[in-house]
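Single-letter residue listing:
2 protein chains.
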Amino acid sequence: MGTKANSLLAGMEDTPRGRILAAAAHLFQKKGFERATVRDLAQAVGMQSGSIFHHFKTKEEILRNVMIEVIRFNTERMEQELKNAKDIRGKVLALMKSELQSVNGETGEAMAVLIYEWRSLKPESQQEILELREVYEQMWLNVFDDAKEAGLIEEDVDTFILRRFITGALGWSNFWYKPGGALDISALAEKSLSLVLKGKC
Amino acid sequence: MGTKANSLLAGMEDTPRGRILAAAAHLFQKKGFERATVRDLAQAVGMQSGSIFHHFKTKEEILRNVMIEVIRFNTERMEQELKNAKDIRGKVLALMKSELQSVNGETGEAMAVLIYEWRSLKPESQQEILELREVYEQMWLNVFDDAKEAGLIEEDVDTFILRRFITGALGWSNFWYKPGGALDISALAEKSLSLVLKGKC
DNA sequence: GTCTATAGAGGGATAGAC
DNA sequence: GTCTATCCCTCTATAGAC
Chain A
67 MGTKANSLLA GMEDTPRGRI LAAAAHLFQK KGFERATVRD LAQAVGMQSG
117 SIFHHFKTKE EILRNVMIEV IRFNTERMEQ ELKNAKDIRG KVLALMKSEL
167 QSVNGETGEA MAVLIYEWRS LKPESQQEIL ELREVYEQMW LNVFDDAKEA
217 GLIEEDVDTF ILRRFITGAL GWSNFWYKPG GALDISALAE KSLSLVLKGK
267 C
Chain B
67 MGTKANSLLA GMEDTPRGRI LAAAAHLFQK KGFERATVRD LAQAVGMQSG
117 SIFHHFKTKE EILRNVMIEV IRFNTERMEQ ELKNAKDIRG KVLALMKSEL
167 QSVNGETGEA MAVLIYEWRS LKPESQQEIL ELREVYEQMW LNVFDDAKEA
217 GLIEEDVDTF ILRRFITGAL GWSNFWYKPG GALDISALAE KSLSLVLKGK
267 C
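Protein chains in written order, with the numbering used here: chain A, 67 to 267; chain B, 67 to 267.
Be aware that a few hints might be false.
Stated by the list, open to error - Coverage of chain B stretches by chain A, computed from C-beta distances (three or more under 8 angstroms per stretch; other residues unrestricted): (1) 162-174; (2) 177-187; (3) 229-238; (4) 253-263.
The hints are simulated quantities; they were obtained by calculation from the structure and are not laboratory data. A virtual CB, placed ideally from N, CA and C, is assigned to each residue, including glycine.
From just these sequences and the hints, can you work out the full model?
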C-alpha cells in the first residue's frame with residue numbers, strides 16, 4: 067500500500083490547493099477519510115487547521131476534489147495511450163496497462179481514495195463523480211466490443227460483466243502489488259491479458 | 067450494496083452477542099466503521115449505548131469479532147463444498163461459487179466489512195485476522211496447482227498472481243451484483259470460470 | 001444484563017486579528 | 001492567505017443504580 071513518495075497527483079501545480087489535495091490523497095488512503103483529521107492534513111502541508119478552510123469550504127469538499135482530479139488525469143492519460151495502440155490486442159493491453167498504472171503509480175493513493183472512500187461523499191457528489199467515471203468506463207466497453215467482433219473475446223462473453231471482473235481484479239492490485247520488484251507494470255499487464263483474451267492470444 | 071435482510075450472519079445464535087454482531091456487520095458496511103456509532107448499533111439491537119459495553123470491551127473488539135465469525139463460517143462452508151466436487155473443474159467451480167456466495171449472500175455485508183474496514187483494526191488484530199485468512203487462501207492455491215498439473219490452467223500462469231486477480235474480481239461483485247435478478251450466483255460462477263480456465267473448458 | 005448519566009477527549013468549522 | 005482562539009458538537013467508554 068504505497069509508502070512511496072507517490073503522494074503527489076501528477077500534473078498538480080505547486081499551489082496551496084494542490085499541496086492540500088496531494089496530502090489529502092495520501093492521508094485519506096492511509097487512515098481513511100474519517101480517521102484523517104483536518105489537523106493532520108494541516109500539519110502535513112505546514113499550516114494551521116483553520117487555514118485549510120480558506121481553500122476548501124468543508125472536509126468533504128477536499129475529498130470530492132481529490133476524486134475529480136484523479137479521474138480527469140487518468141481518463142486523459144488512457145485516451146492518449148489508446149490512440150498510440152496499433153491493433154485491437156494492443157488496445158486491450160493499453161487499457162490494462164493504463165489502469166494498472168493509475169492504481170499502482172503516482173495516482174495510486176488517490177485511486178484508492180476514489181474506490182474506498184465512496185461512502186463519505188454526499189449523495190450529490192456521488193452523482194457527480196459517477197458521471198465523470200462513465201466516460202472512462204465507456205472507453206473500456208468500446209474496446210471490448212471491438213475485441214469481440216475481431217474474435218479476440220468469446221462470442222458468449224458478456225463484456226459488461228467482464229469489465230466488472232476486470233475492474234475488481236486490477237483495482238485489488240493496489241493491496242498487493244509492490245512496484246520496484248521483479249514484476250513491473252507492463253509485465254503485470256501482460257499477465258492480466260489472459261483473463262480477457264481467448265485461448266491466450 | 068445489499069439493502070436486503072442479509073444482515074444476519076448465518077449460523078449465529080440469537081443471543082445479545084449474536085444480535086450485536088449481526089447488526090454491526092450491517093451498520094459497518096453501510097456507513098463505515100468510523101461513521102457508525104455505538105449509539106446507532108445500540109438502537110439497532112434495542113439497547114442503550116452503555117449496555118453494548120457489557121458484551122464487548124471496545125468498539126474495535128466488535129469489528130474484530132465480526133471478521134473472525136465471517137472467516138470461520140466461510141472457510142468451513144468452502145471446505146464442505148470442495149469435498150462434494152467430483153473433478154478438478156468442479157473444484158475450481160466450487161471455489162468460485164463458494165466465494166461469490168460469501169460475498170453476495172447472507173454473509174455479504176460481513177465480507178465487505180472484512181475487506182474494507184481493515185485499517186480500523188489494531189495491528190495485533192490485523193495479524194490475527196491475517197492468520198485466519200491464510201488457511202482459506204491455501205485451499206485456493208492447492209486447487210489451482212492441481213488444475214495446472216491437470217492442464218486446465220496454462221503452464222506459464224503464476225497461480226499466486228492469478229488468485230489475487232480472482233480475489234479482486236469476485237470481491238468487487240459486492241458493489242454491482244444484485245441477487246434475485248436474471249443472473250444467479252451459479253451462473254455468475256460459471257462466467258467467472260473463463261477468467262481462469264484454459265481455452266474455456 | 002440493562003438502564004441513566006456523564007466524564008473526558010477530539011473533531012469540524014468559524015471569527016477576527018494581522 | 002495565514003494565524004490564534006475557541007465554539008459547539010459528537011463520540012467512546014465508564015460508574016453506579018436497579
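Hint-by-hint comparison with the structure:
no., hint, in the structure
1, 162-174, "violated (count 0)"
2, 177-187, "holds (count 3)"
3, 229-238, "holds (count 9)"
4, 253-263, "holds (count 5)"
Violated hint for the displayed structure: number 1, the only one.
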